[in-house]
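Whole structure, please, built from the sequences with the hints as guidance.
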Amino acid sequence: MKATLHACRQRLRPILITSLAFIFGVLPMATSTGAGSGGQHAVGTGVMGGMISATILAIYFVPLFFVLVRRRFPLKPRPE
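Oh and the sequence shown: position 75 is 75 in the UniProt record's numbering, straight run, nothing missing.
Don't read these hints as lab results, they were simulated from the structure. Quantities reported herein were computed from a predicted structural model and do not represent experimental measurements. Virtual Cβ for every residue (Gly too), placed ideally from N, Cα, C. Keep in mind that the hints are not guaranteed to be accurate.
Cβ-Cβ distance ranges computed for the label pairs, FRET-style [as the list claims (entries may be wrong)]: (1) His41 to Arg71: 40 to 46 Å; (2) Ser53 to Arg78: 35 to 41 Å; (3) Leu5 to Pro28: 33 to 39 Å; (4) His6 to Thr45: 33 to 39 Å; (5) Leu16 to Ser37: 27 to 33 Å.
This is the structure we're talking about:
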């Protein structure tokens, strides 16, 4: 459990920075105006929403499922 918590703390910042960079990179596409902006707006909005929800799900549910599976199926000691 300690290793899981340590890994979560260590990886949170890089995950958030990468996700936010991608989201802000797609922001001009989601807020586009002018010719052909309808398609760009639809794609940009979908990509932004998907990335935001995927980031939130990854931050909370991946460690949660790891802990739940680890508790449900504990490691067996290896024979020496």
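Right, here's what the structure says about each hint:
1. His41 to Arg71: 40 to 46 Å: holds (45 Å)
2. Ser53 to Arg78: 35 to 41 Å: holds (40 Å)
3. Leu5 to Pro28: 33 to 39 Å: holds (37 Å)
4. His6 to Thr45: 33 to 39 Å: holds (37 Å)
5. Leu16 to Ser37: 27 to 33 Å: holds (29 Å)
Figure legend: structure checked against the earlier numbered hints; every hint is met.
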